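Chains as they are written, first to last, in the working numbering: chain A, 1 to 731; chain B, 1001 to 1153.
Think of the hints as simulated: they come from the structure by calculation, not from any bench.
Computed from a predicted model, the values in this text were never measured in an experiment.
Just so it is clear, CB atoms sit at the ideal spot from N, CA and C, and this is done for glycine as well.
A hint or two may mislead.
[To be verified] Stretch by stretch, here's where chain A covers chain B in the computed footprint (C-beta under 8 Å, at least three residues):
| hint | region |
| --- | --- |
| 1 | 1017-1029 |
| 2 | 1043-1053 |
| 3 | 1068-1078 |
| 4 | 1098-1111 |
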Amino acid sequence: MNQQKKIKMSTQKTSITFSRRSFMKTSSLAGGGLIIGFNLFNACKPNAKPSIDLAKLNYNDFNAFIKIADNGAVTIFSPNPEVGQGVKTSMPMIIAEELDVAWKDVYVKQGVLDTNNYTRQVAGGSQSIRFGWDALRETGATARQMLINAAAARWGVDPSECTTSEGVISNAAGETLSYGEVVNEAANLEIPEDVTLKEVKDYKIIGSDVTNVDIDKIVKGENLYGFDFKTEGMLIACVMRPPAFGQKLESFDDADAKAVDGVTEVLSFGDKIAVLAKDTWSAMKGKNALKAEWKTDTKLESTEDHDKLLLGLLDGNKFETLREDGDIKKAFAQADEVLERTYESPFLPHNCLEPMNFYANVTPDKIHLVGPIQTPEGTAKHIAEVLERDFEDVHLEMTRIGGGFGRRLYGDFAVEAAEISNKAKKPVKVIFTREDDMADGIYRPAIKYRIKAAVKDGKITGYHLKEAAINSNMYGLIPNFFPAGAIENYQVDVANYKSNITTGAWRAPYTNFLAFAEQSFFDELAEMMEVDKIQLRLDLLQKVKGTTDERIQYSPERMEKVIKTAVEKSGWGTKPEGVYQGFVNYYCHNSHVAEVADVVLENGQPVVKKITCVVDCGIVINPLGALNQIEGGIIDGIGHSMYGDFTFQDGVPQSVNFDKYRLIRMKEAPIVETHMIKNEFSPTGLGEPTLPPAGAAIANAFKAATGKRLYNQPFSKYPELLTGPEKEIIG
Amino acid sequence: MPTYQLNINGESRSVEVSEDTPLLWVLRDHLDLVGTKYGCGIALCGSCTIHLDGIAVRSCALTLAQVEGKSITTIEGLSEDGTHPVQEAWKEVDVPQCGYCQSGQIMTASAFLKNNPNPTEDEIKDAMQGNICRCASYTRIYKAVEIAASKMA
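All chains, please: the whole structure from these sequences, using the hints.
So this is what it looks like as structure tokens:
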């Protein structure tokens, strides 16, 4: 479906009739009060059918709830995993807005995945708010309407005469009833067919700064995370896995491990060996005392091999074409000038600061799982399969998550915990050390891009993007991002090499490096064409306006506004001598972003001082949380493009802790000045879209400062390119 | 296994652990003080920062023999109710994203500000440089330290 149309269609909708009320069910609470359960993700599916018996409320059928007690207290069970992106705060804010209660009266709890049936709770792709927007509003509004209907019935007036404010219903005569006073009657009413949603101008909670709901617990160091979770009799398991990708377990000797005080058991499963102990330190020591022999199963690969293989793919002709407009061959044959550049990126580990961990207690009647996971349902299903158990036996609880960045989309660590608990017949928590976390990762794959453009009569007539990646290629929507539609002859080709090194999603998959490649390329193209860098981008956008191509993902109008705002707010082109700027505009995760980096030379080296960022992500639910995501995304993007390097030698990762792997720290973090475009478009992603442009913004600014262009990441690997001009020309 | 008498958050606590057990794991596993976090185990990320006689130190790199007889403060003991000026500043700025590193950040900042209540920008950045925030909430951490300084000065 055309994303742009979809966004436009759902704006400024003030009244809707929804045929999907099957995603909701209400019931009386035993102790008095009302509970509305709703299956958020079922509600988000366009043609969801009620596949459950609506006659009885089954908690397992719903992944989120509003509970209104008969004293009026509101509890909202937030459905989605909280990885630091703020949804435990922002999703309940949307419900509370339409329910029309004061935020201070709302208590938020993390919902549990009672993994039966078809719940779908995922944190990933910056999509929680975008997909939840309509359903969360409808749910809040439905509850509000039922409370109004109950009050109107008691008063004997028409519900349309009633209004609400902060949990109190008023009628035309000036009488009032609080939600708590009518909640028991409301619980017995039919779910209304029609509800009216608020207009944007009437929002009281949405658009206001709301502090993270867990803030008090975080600053006091309370038990929140999987790493902190504990049950009586629980053992800690440290797991030894093959030291190189491509190896299998041959044999092991656990005598020394078992001799460590506190170690209770050593067991092997698959190609792994688990050391179980009464406490963490003993488990770590026990693992270090294990002796194992490994045999080579598949090729032990090195970074050098990958570089050759990927460049070979770019030079070759074994591509899959993802999008083809016009005839690029002809465009290049007829070109006056051609620019071709290659850009290279390394693997990257995620390095969530809370290392991977999961608790499992597998018993004959139940599989109890607790921990940090971005994909609770998929993981629970996978575990049921691995243990050959019924899915209904699995009960999974989500903890607050100490960073995800894509790593916790994969439940490998939870499966390990379940396998170990199943074998040991004890409650077990698997923990990764930092070394395990970096060496046994599911990395961002190394990727290389080659971009070639044809210029004729001062116009870009051809654009050819080629991708060579480890394991898997860009997803199908990306070829429809900017500059698709703007260049007549346009082609995107992809190829990959299947490696035994495990790879997966890493914050803003593919675009996290593609943005650097493309936006560096546009900068260089403008230099070659001797045209203004901003004008080049604006001219391309003109060609996309009014397009009938439904595949195009971005909006040229929204992109143009973001660019022009960034030019104005960053003082583009008006900076004093010695301040060098780099410009980037980008679209991903349904949001439009522009970033301008300000760089100065200190001791002959370029230093990033400031990023000016302009974001159009539609309606902003919680500006306080949004700014945090934006700033974090930018600084994360700068950090990894500057320092993130991860290489392999014969299948073995060459850096496994922070002594050899550099993450950005406070001194390297620039000031970030953010401007949000105000509009009434439905909200779109924010956890990822500011990261991809950051690397290109600083690289383009470095070029302005040093005269040297960067093509490969991380930049710190090329110190000779990070120095100013040899001689300052004065005059 | 030897027994150690530790002075933690103003209380005397007795633990029996092997002599090579780092203080971090004694706090977390034996004393249920889980606010002190594990991040790297080699004193390079700052997640496990505590105060030892008022100085910010990495608990993952300390044995009990090194801390016996000294005053240990963890995030749980920084204030009774989360109202230390640094904690208040953290709430005011809404610093955390995932939040995992923040108790370490708060412990570093609070020890630093006690000795230097009127820090310069460079001094704040130097003091906080040892604490990694993987979510990169650095601009807010910096702002919160500044606000805390103004509250404590």
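Hints, one by one, checked against the model:
Counting residues of the region 1017-1029 of chain B whose beta-carbon sits less than 8 Å from any beta-carbon of chain A gives 8, enough to reach three: the coverage restraint holds. Under the rule that three or more residues need a Cβ within less than 8 Å of chain A, the assignment of the region 1043-1053 of chain B holds, with 3 such residues. Check result for the region 1068-1078 of chain B against chain A: holds, 3 residues qualifying (beta carbon to beta carbon below 8 Å, three or more required). Using a Cβ-Cβ cut-off of 8 Å, 7 residues of the region 1098-1111 of chain B lie near chain A, which meets the minimum of three, so the contact claim holds.
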